[in-house]
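Peer 1: Here's the letter readout for the chains.
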Amino acid sequence: MLPFYHYIPSVCILLCLLSAILLAAVRNGRAAFAAGIGLAAVTAVLSGVLLFMLMPAEESFTFVMGHFPAPFGNELKAGPLQALLTMCFSLVVGLSLLGGWADLKHDVQPDKLSLYFVMTSLTLAALYVLTYTNDMFTGYVFIEISTLSACALVMAKDRGPTLVATLRYLFLSLLGSGLFLIGVVLLYSVTGHLLMKQVGQQIIVLRSTGRFGLQLAFIIGLFTAGLGVKSAMFPFHRWLPDAHSSTTTASSAILSGTVIKGTVILLIILFCRVFTLGMVNALHIDDVVFALGIMGMIFGSISAIRERQSKRMLAWSSIAQMGYIFTGIGLGTRAGIAAACFHILVHATSKSMLFCCVGRLSAVNGHRKMLKEMQGTARHDILAGIGFTLGALSMIGIPLLAGFASKLYLATSTMDSASKTAATLFALALSTVLNALYYIPAIVTVWAYPEDALIGRAPRDSAFTVSAAVSIAVVILLGVAYAPVMHIIEVGLSLL
Amino acid sequence: MELLKALVEHRYALTASILFVTGLMNLMQQRHLVRKVIGLNIMDASIFLLLASQGYVEGRAAPVVAAGMAEQAAELYINPVPSGLVLTGIVVSVSVSAFSLALIQKIYREYGTTDIKELVHLVKRED
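Residue numbers (this note's numbering), protein chains in the order written: chain F, 3 to 498; chain U, 21 to 147.
Just chain F, same shape as in the assembly:
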């Protein structure tokens, strides 16, 4: 008899899939909203319980799905890192739904509102599977499910530009998943397995005999490019600003906060569990990822400075922040990947809060989206203003906020890879200045005295208030108590 917590990952996935099916039959938008929030809360609590059970003994386990044991069946693998990440995803999805609820009622047709929560449930299911799966092909299937549900989230705001943004996102995502699938097929053809552990063992054998070296390098390249497209890695990022900015607030927050992270986590798992960091280093894949990460960090920030539309500015900032994550992975060391994982948590919580606050500040002024039109809006919803300010300061990297801790870890982790230290520190310093160049003027704008009376003042939004209060607490908590979180990540990585 397995301990009860071994069932938690599969139960969470099944709960998400089941609620997606059941919600399709619900016609009442408010009931579907309650169910969506409930699902996020339940899965977050279950993931928290799993983390609590795994951490004391520093344990990880493999759970066989169905009745076919390895090497034929399907498996999930759970450890502290996966539990922490999934808990964060559930929390971010829940807070995004709460924070964007008022905009959802404004942007989505009432008769289709309940279907929106079908898509959020599917997105959550895909994120859980991408984090927990031990099977390469299951990873591919859920990458596609994540694509379709994310596209539906983008096009929830049923307007022409949003539809075109969805289509561009869809085509590029499908190209990315196509590259990933070829990688899986070629890997199957050289190793004869689909389960990550068995594939990893075969790769060790192949490397010791020196066979298929070129093929393996090509396969890692395919995985990196395929998952890179899905995660908006520079230069495959063109789809992101339109897709993340043109849609409703909750979708922007969920997409920027979680969806682009699911595929990065899969890439990290592949690098650590299947190919091993030694092989990634030997083939110089980490150097390529590092260079693209640095370029994304700088290019994303420069584009954000030039942007005048509030949500598009945040979307460009997401590309820069994904650059931090890829830089961490590109360091090619355990410490670098730990810093990248920490930044995944930081960006997920801070960026979803920023999107929700911008959505609220924009709603206060008649849903106007240009930055200059948001002048003084923070004075009409103080909590949204505080949330926006703290989120922006966190992204810049001000101490006592989450972003500072991840930059600190990224900077210290470069000490293990001497050749990349100077480049990383220079890029971090430059990026911090660039971040400040667009976030500080935005903060000043929202707090300035309005030139004209604000139009269309939005009524009180208690759902947003709860979301903003919890988000602010989480961002400060991550910035103050970062050491225990980092300890969980380091233990989780060693058990990956």
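Worth flagging that the hints you see were computed from the coordinates, not collected in a lab.
Just so you know, even glycine gets a beta-carbon here, dropped at the ideal spot from N, CA and C.
Take these hints with a grain of salt, some might be off.
A short, non-exhaustive set of chain F residues, derived as facing chain U with CB atoms under 10 Å [as the list claims (entries may be wrong)]:
#1 Leu16
#2 Ile39
#3 Met55
#4 Pro58
#5 Ala59
#6 Leu150
#7 Pro163
#8 Leu165
#9 Phe173
#10 Leu177
#11 Ser179
#12 Tyr190
#13 Ser191
#14 Ser305
#15 Ile307
#16 Gln311
Using C-beta positions, here's what the derived DEER-type ranges look like [unchecked claim]:
#17 F:Val482 x U:His141: 47 to 53 Å
#18 U:Val111 x F:Arg29: 26 to 32 Å
#19 U:Asn99 x F:Met417: 15 to 21 Å
#20 U:Val84 x F:Ala475: 45 to 51 Å
#21 U:Asn99 x F:Ala475: 49 to 55 Å
#22 F:Ala43 x U:Ala82: 47 to 53 Å
#23 F:Arg29 x U:Ile58: 52 to 58 Å
#24 U:Asp135 x F:Ala420: 32 to 38 Å
#25 U:Arg51 x F:Tyr451: 19 to 25 Å
#26 U:Thr108 x F:Arg310: 41 to 47 Å
The hints should help you fit chain U onto chain F, whose structure is shown.
Peer 2: Relative to chain F, chain U alone:
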């Protein structure tokens, strides 16, 4: 002669590569959205061909075990795993195509065109 032998031996991989590049070029170069979807489908089909060929073993039967033949040696059959994966892949591909076509239809109703360049231009003007 050696080259010809190698080509025949890797005929599936070769065909799959040609199909993949054809699909990719369609996806990248075509301006018509439906043609882009067709390109995507050609890409998917090429991957499925490659995958199916991985499991095929010359001279062996389809992996359908009749009653009473369960004890027969596995050497009689082709590898069933890739066939299962191809079936799953086809389901995914069909869903994605249906979604894409529905989206294109919606865009056509909104803008009256399916030309990506025109659409980008129209969207810029609208913004």
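Peer 1: Decide, hint by hint, whether the structure agrees.
Peer 2: Here is what the structure says about each hint:
1. Leu16: Hint violated; Leu16 (chain F) Cβ to chain U Cβ min 18 Å, cut 10 Å.
2. Ile39: Given a least distance of 26 Å, the restraint on Ile39 (chain F) is violated.
3. Met55: It is violated, given that the least Cβ distance between Met55 (chain F) and chain U is near 33 Å, above 10 Å.
4. Pro58: violated (39 Å)
5. Ala59: Violated, because the Cβ-Cβ distance from Ala59 (chain F) to chain U comes to roughly 35 Å (cut-off 10 Å).
6. Leu150: holds (6 Å)
7. Pro163: holds (5 Å)
8. Leu165: Check passed: Cβ of Leu165 (chain F) comes within 5 Å of chain U, closer than 10 Å.
9. Phe173: holds (6 Å)
10. Leu177: holds (7 Å)
11. Ser179: holds (9 Å)
12. Tyr190: holds (6 Å)
13. Ser191: Constraint on Ser191 (chain F) satisfied, holds at 5 Å.
14. Ser305: It is violated, given that the least Cβ distance between Ser305 (chain F) and chain U is near 16 Å, above 10 Å.
15. Ile307: violated (19 Å)
16. Gln311: For Gln311 (chain F), the interface hint holds, since the closest Cβ of chain U sits about 9 Å away, which is under 10 Å.
17. F:Val482 x U:His141: 47 to 53 Å: Check passed, 49 Å falls within 47 to 53 Å.
18. U:Val111 x F:Arg29: 26 to 32 Å: holds (28 Å)
19. U:Asn99 x F:Met417: 15 to 21 Å: For Asn99 (chain U) and Met417 (chain F) the Cβ distance comes to about 48 Å; the hint is violated.
20. U:Val84 x F:Ala475: 45 to 51 Å: violated (59 Å)
21. U:Asn99 x F:Ala475: 49 to 55 Å: Given about 53 Å between the Cβ atoms, the range holds.
22. F:Ala43 x U:Ala82: 47 to 53 Å: holds (48 Å)
23. F:Arg29 x U:Ile58: 52 to 58 Å: violated (36 Å)
24. U:Asp135 x F:Ala420: 32 to 38 Å: violated (52 Å)
25. U:Arg51 x F:Tyr451: 19 to 25 Å: violated (49 Å)
26. U:Thr108 x F:Arg310: 41 to 47 Å: Distance hint for Thr108 (chain U), Arg310 (chain F) holds at roughly 45 Å.
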